[in-house]
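Heads up: the protein sequence lines correspond to chains A and B, in order. In terms of the numbering used here, the first sequence opens at residue 94 and continues consecutively. In terms of the numbering used here, the second sequence opens at residue 537 and continues consecutively.
No lab work stands behind these hints: they were computed from the structure. Don't take each hint at face value.
To be verified - Here are a few chain A residues that sit away from chain B, every Cβ distance over 12 Å (derived from the structure):
| hint | residue |
| --- | --- |
| 1 | D269 |
| 2 | S271 |
| 3 | F313 |
| 4 | D367 |
What the hints assert, rightly or not - Computed footprint of chain B on chain A; a stretch qualifies when at least three of its residues, placed anywhere within it, have a C-beta under 8 Å from a C-beta of chain B:
| hint | stretch |
| --- | --- |
| 5 | 123-129 |
| 6 | 375-384 |
Said to hold, decoys possible - Reference excerpt, derived from the structure (chain A facing chain B, CB under 8 Å, subset only):
| hint | residue |
| --- | --- |
| 7 | E116 |
| 8 | N117 |
| 9 | L118 |
| 10 | T119 |
| 11 | S120 |
| 12 | T132 |
| 13 | P133 |
| 14 | V135 |
| 15 | D137 |
| 16 | D437 |
| 17 | T439 |
| 18 | T488 |
| 19 | A492 |
| 20 | E496 |
| 21 | N497 |
| 22 | P498 |
We put the CB at the ideal spot given by N, CA and C, even for glycine.
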Amino acid sequence: MRRSVLCAAGVVAAAAGMLACQENLTSPGQCPELCPGGTPVVFDTVLSAVQGGDESVPGYVSPGQGSALLVSNGLPSTEARAVYRYVARFDSIAVRDTARAYTIDSVMLVLNLVARDTLVNGLKVYLYRLPPEFDPTVATFDGVEPLLNDAALLDSIAVPDSVNSGPIFAMFRGVDTSKVSIPLGTGGVLAIGVKIAAESPTGIRLGSLAFSTGATFNSFVTLDVPDTTTSIVHQTVARGTQSNSFVTQSPFAAPPATLLVGGEPSSRSFVRFDLPPRIKDSASVVKATLELLPAGPIPGLATDPAILDVLPVLSDLGPKSPLDEQRISQATLPIGGTDTVRVDVTQMVKLWQSASERPQEVALRLRPEAASFTRAVFGSTDPVSPVGSPRLHVTYLLAFPFENP
Amino acid sequence: MVSFCALVPGLASAQSSQFGVRGLGAPGRMLSAHAVGSAGAFGLFDGESSLNPAALTTLPTLTAAFTALQDYRHVENPAGTASVRESRFPQLGIGGPLKGLPLALGISFSNYTSRDFTLATSDEILLRGVAVPVSDTFSSRGGLSDLRFAGAYKLGGAWVVGGSLHLITGSNRITSARSFADATFLTARQSSEISYAGVGFDVGVVRTFGPNFSLAAVARSDGHVAVDRDSARVAQVDLPYTFGFGVRWHPRPSVEVATNMIARTWSGANSDLLAQGGTGSENTVQVAVGAELVPDLKHPNRRPIRFGARYGTLPFVLVAGDQPTEFGVSVGSGIRFAQQRAGIDLGLEHVWRSAGDYSERTFLVTLGVTIRP
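Next up, chain A with everything else stripped away, as it sits in the complex:
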């Protein structure tokens, strides 16, 4: 009896081990004999954008409201100057409810270098003093450029070739502090303009107030307080940017019948499609690519390309259409390139299939907006467009014809 039970237990254990084996059912298939229903067929089609359903809309982000300010010298795409106006620095500091005068020991003007063309050496940043009443928000190139003359030159900053980004500054000590002294009755305001020079035409991007990377104006002062035991106090009076902007010599104008993305103020483009029922209703989309044909070489700073954002539109409200930031697709725009720009929009097309209420529309946006030397101009559906219209290249499978049974 006991032997039988032990034997049975052994058999059960062996069987349990046997049945615990992992299942593996995959074997090679030979069609058509072992392919009930056949094999999947992949279709490839190119859909043009809806005729007249695309548009380019300017005015989204103004110069100075983007993440950076542009400065250039002879760059083919644009000639730009940056201007900063600092928060007012008053001529006294309140100590124990008493305004006390101070003496300036030194002054440091700090700029944030966001990007530069790393292939261009000998970069030098020139700082010019602008009139205290200067307002960057209404500045024009023609209004600024004459003010950036030798008489107004404050200093220049030689940027080492090894420095590609980060803070750069000009220091004023001793008699040089007079260059940045603020005369009484001017409201305590300092404004500066920025130009650059380099071994060859180039451009840089500087920090902006909108992204908390604006310029700072630091004054190192001595404050004499006679009724304290430590009668002399050293302090720093730091002032940030109150407003900033950049101006361009000839604002970029896209050729007619094209779609502009970028520029300043920045433009966005909207492109609408109409999926045929064959794809919308029953296709299994494996890849969808938005294809945009540049109207010419894409201008920009060679080593500082911009990103093209493609976003699905949540609701078609024209230029004010809300965008779905969760399903963004991106492509880097090659500077100088004329090849077709391709952006994967598979998830968007699948969304259009599943949510019929969503418009089959995408928005094209440059990143950073109003803060890049890149301006992309693409062909539109307009018959006089210099290049072809936006296209949607869709690769898909239709419903598999499963055999019954």
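Mind docking chain B on chain A? Use the hints.
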């Protein structure tokens, strides 16, 4: 357990095969582990199997039987070779005699056909002007199951007649997937669910001629099965008539031999399958011969030696005019313990199947657990 399996029909399925890819799948054998050990030769006389309702009277008392199967298979076809394995539970049943009556009742749950397979193919297609390697997998899980309600009645000492009602149900989830070597293309995966429903019945008889010789016969009609795809009726497929005949003989007290032949008219489904784009079906015949040796006559249930061989044809063709065949040899044994209230049976079977360039050989390990509370 049987009720549970009826609710989850995909649980019970027999060994799969590439010869079950087309049509309704690889037919199940409806045998207990006890009968598998002798290649199914005793199947028409085995109360734990579901072939013959009249055999229910062989159950001495209320009996629950549970069968598990492990399949180790090597597949060959023009596309290549592969070794596959799977675990299944092809046969469950409970039954026994009614006290004081010459009547036995039983419920069982068996695999009718199995469509468990995954086929992988590869190719290279031109996409957007570039040759892209693709991999296709076609998977199927499920099949048809047979829920049987059976009864058997002893007519005097020599005759037993039985009958049963079969509910043929099941579902089959099929999936086609295409993946691309270029990861920028998403994998396309499409699936569909096919469900089946049908009703059949059978009658069986066992005639004993003294203590050492008996005959069994069964006739079964399964009518047709309705095929729904994703809840929409798409087809109706005729199921076969089944005719079985078996002989059992005790030439010596320690030796028992049996043989049987089972024929099914699967050609009745041919036109229905062809109409659905399939490759059709043909009639099948299964022949089995086997023996059981009892080393210890005082304890006939203690480790008997079972062996047998079988040959048969399979219904669903891969290539028109080339019907698959199978040949199998098996050995088995078993043990009863706990005062005969529990038992374990083990069957090992090696099966060869082929049709033209398609072949496979498989080791089937069948374990049966029997409980007589």
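Hints, verified against the model:
Every CB of chain B is more than 12 Å from the CB of D269/A (nearest about 58 Å), matching its label as outside the interface. At roughly 62 Å from the closest C-beta of chain B, the C-beta of S271/A stays outside 12 Å, upholding its exclusion from the interface. Every Cβ of chain B is farther than 12 Å from the Cβ of F313/A; the closest lies at roughly 56 Å, confirming the non-interface assignment. For D367/A, the requirement that its beta carbon stay farther than 12 Å from each beta carbon of chain B is met, with the minimum near 22 Å.
Check on the stretch 123-129 of chain A: 6 of its residues sit with their Cβ under 8 Å from a Cβ of chain B, so the three-residue criterion for coverage holds. Chain B is given as covering the stretch 375-384 of chain A, and this holds because 4 residues of the stretch bring a CB closer than 8 Å to a CB of that chain, at least three being needed. About 5 Å separates the beta-carbon of E116/A from the nearest beta-carbon of chain B, less than 8 Å, and the hint is met. With 8 Å as the threshold, the beta carbon of N117/A comes within range of chain B, its nearest partner Cβ sitting at about 5 Å, so the hint holds.
Proximity of L118/A to chain B holds as hinted, the smallest CB-CB distance being about 5 Å (cut-off 8 Å). With a cut of 8 Å, the hint placing T119/A at the interface with chain B holds, because the nearest CB-to-CB distance is about 4 Å. With its C-beta approaching chain B no nearer than about 4 Å, S120/A sits inside the 8 Å limit, and its interface hint holds. For T132/A, the suggested interface contact is upheld, since its CB lies about 6 Å from the closest CB of chain B, less than 8 Å.
A distance limit of 8 Å between C-beta atoms decides the matter here; for P133/A the minimum to chain B is near 5 Å, and the interface restraint holds. Interface restraint check for V135/A: the shortest CB-CB distance to chain B comes to about 6 Å, inside 8 Å, so the restraint holds. Below 8 Å, beta-carbon pairs count as interface contacts, and D137/A has one with chain B at about 6 Å; its hint therefore holds. Taken as an interface hint, D437/A checks out: its beta carbon lies about 7 Å from the nearest beta carbon of chain B, inside 8 Å.
Interface hint at T439/A: satisfied, since its Cβ lies 6 Å from the closest Cβ of chain B, which is below the 8 Å cut-off. A distance limit of 8 Å between C-beta atoms decides the matter here; for T488/A the minimum to chain B is near 6 Å, and the interface restraint holds. Taken as an interface hint, A492/A checks out: its beta carbon lies about 6 Å from the nearest beta carbon of chain B, inside 8 Å. The restraint placing E496/A at the interface with chain B holds, with a minimum CB-CB distance near 5 Å, inside the 8 Å limit.
Checking N497/A against chain B by beta carbon gives a least distance of about 4 Å; that is within 8 Å, so the hint holds. This hint holds: P498/A has a C-beta 5 Å from the nearest C-beta of chain B, less than the 8 Å allowed.
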